[in-house]
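Use these hints to put chain X onto chain V, whose structure you have.
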Amino acid sequence: MLVQQYLPIAILVLFAIIMALIVVFTSVIFGPHRPTKKKLAPYESGMTPIGPAVRRLPVRFYLVAVLFILFDVEIIFLLPYAVVIRQLGLYGLIATGVFVVILTVGLLYEWKKGGLDWE
Amino acid sequence: MSDFVIFLIDAAVKAVLIIVGLVLGFAYTTWLERRFIARLQSRVGPNRAGPAGLLQPWADALKLFFKEDIMPTDADRIIYTLAPAVTSVPALIVLGVVPFGGQISLFGYQTTLGLADINVGVLYIVAVTSIAVYGVVLAGWASSNKYAMMGGLRATAQMISYELAMGLAILAPVMMAASMSMSDIIDAQQNIWFVFLQPIAAVIFYITILAETNRSPFDLPEAEQELVAGYHTEYSGMKFASFFMAEYMKMIAVSAIFSALFLGGYRFFGLENLLGGWMGPIILFVKIVASLAFMVWIRATLPRFRYDKLMAFGWKVLLPLSLANAVVTAVLIVLDIIPSFA
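Protein chains in written order, with the numbering used here: chain V, 15 to 133; chain X, 10 to 351.
Each hint should be verified, as a subset may be incorrect.
[Said to hold, decoys possible] Computed spacing ranges between beta-carbons, pair by pair:
(1) X:Asn56 x V:Trp125: 46 to 54 angstroms
(2) V:Arg69 x X:Asp317: 17 to 25 angstroms
(3) V:Val115 x X:Lys72: 52 to 60 angstroms
(4) X:Val14 x V:Arg69: 51 to 59 angstroms
[Stated by the list, open to error] Result set (PhoX-like, lysine-lysine): computed pairs, CA atoms no more than 20 angstroms apart in a straight line:
(5) X:Lys76 x V:Lys126
(6) V:Lys51 x X:Lys76
(7) V:Lys53 x X:Lys76
(8) V:Lys127 x X:Lys325
(9) V:Lys127 x X:Lys76
(10) V:Lys126 x X:Lys325
(11) V:Lys52 x X:Lys76
Worth flagging that the hints you see were computed from the coordinates, not collected in a lab. Keep in mind that this is a model prediction, so the values were computed, not measured. The C-beta atom is built at its ideal place from N, Cα and C for all residues, glycine as well.
Here chain V stands alone, though its shape is the one from the complex (with noise of 0.2 angstroms):
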């Protein structure tokens, strides 16, 4: 049973995969190819780049993905519940209420902290 249902999805993935392929590749077959050295430098704005490009990222990325992980693991968690709300009913909705609860002091303390300023 569980073959009937998923494998429609991995025929559509292994569809979309060879067309994004094809997409990918159409330049490189068609199109000519006649490279210069001033061509194939990376663009920018008409100036000889200075550096590396790839150097050290503002800590403030790092920062939202990490409590980006926090919540979308709260998600996760509540969409099973969502389905089964219902069944659960009291009991369910103070259990998910005390996990939201923590998870929502944790935005607040990160939001008086000035975690999610950008300045």
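Same frame as chain V, now just chain X:
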């Protein structure tokens, strides 16, 4: 033929139809956007290639086929080549769980319009839309270009921030229908659409899908004035077109998902049963086109966000609001104030 072979052919035909439909949809969404935005700006728009410019997308595609494919010297060759594919595959597969109509019969063969109706459809949508972030950040990183790098980083931070609000907004229709299957959610809206019962969730979801597809006013990753073209600065030819294809196909896909979650999907109060069930896809098509036109209208109306305001809006407005909406909905459902729609 055995049942299993028929099942495989059935699935393969539907998969090809979804992909062809999305590619054609992509071509004509660009046409719709250019014509409609031109009207909104008192211009005519492309009208030379074919009647009303209808052949313009094909001219653009042919031009891009024969463009030179450039790879910068410092670029990571494998990741640079695969990043456009990683971006467009999720856009192509996300519609796999959305039903396009009910039971139909074609030359005596009974089938359901829709590829697979898995019982975790919503989870599949959330998971697949997350994968698209990889393509963007890898494209920016592998290009070895400062603009591309910054564009990729911005896009990542923006997309993951708005994904949270999107996930919490999706909770509301899932709770109302008590199911993650897309067809159950559509069936639950037979009498009243969730956009009327959950207006806050619907508005938040629509805002977040604009951010997820990098549409204006959330098109910071490709802010021309600051970042040249953002993460696809170094791409040319069909690799460049891949990113555009992914963006427009995602617009179509999320419009279909928005219709299914909040606008009753292919249903329109019984009208979908006309024409032997073939009215369903037509109704869904009308809803998708309306949603796409609304996106173009928003692009013509609103200026772009500033980056710090964008992040503040995502984390300090949308996330608490969607969380509060989910909590209130949960309390109302448990207290039985909201009746069961399942």
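Hint-by-hint comparison with the structure:
For the pair Asn56 (chain X) and Trp125 (chain V), the supplied restraint of 46 to 54 angstroms holds, since their beta-carbon distance comes to about 51 angstroms. The hint said 17 to 25 angstroms for the Cβ distance between Arg69 (chain V) and Asp317 (chain X), and at roughly 21 angstroms that hint holds. Between Val115 (chain V) and Lys72 (chain X) the CB atoms are about 56 angstroms apart, so this pair conforms to the stated range of 52 to 60 angstroms. Look at Val14 (chain X) against Arg69 (chain V): about 56 angstroms separates their beta carbons, and that is inside 51 to 59 angstroms.
Using a Cα cut-off of 20 angstroms, the hinted pair Lys76 (chain X) and Lys126 (chain V) is violated, with the two alpha carbons roughly 52 angstroms apart. Taken as a hint, the Lys51 (chain V) and Lys76 (chain X) pair is honoured in the structure, with Cα atoms around 18 angstroms apart against an allowance of 20 angstroms. Between the alpha carbons of Lys53 (chain V) and Lys76 (chain X) the distance comes to roughly 14 angstroms, so the proposed pair stays at or under 20 angstroms and holds. Restraint check for Lys127 (chain V) and Lys325 (chain X): satisfied, since their Cα atoms lie roughly 13 angstroms apart, inside the 20 angstroms limit.
Between Lys127 (chain V) and Lys76 (chain X), the direct Cα distance comes to roughly 51 angstroms. Violation of the 20 angstroms bound is thereby established for this hinted pair. Of the supplied pair hints, the one linking Lys126 (chain V) and Lys325 (chain X) holds, its CA atoms being roughly 11 angstroms apart against a limit of 20 angstroms. At most 20 angstroms may separate the alpha-carbon atoms for a hinted pair to count; Lys52 (chain V) and Lys76 (chain X) meet this at roughly 18 angstroms.
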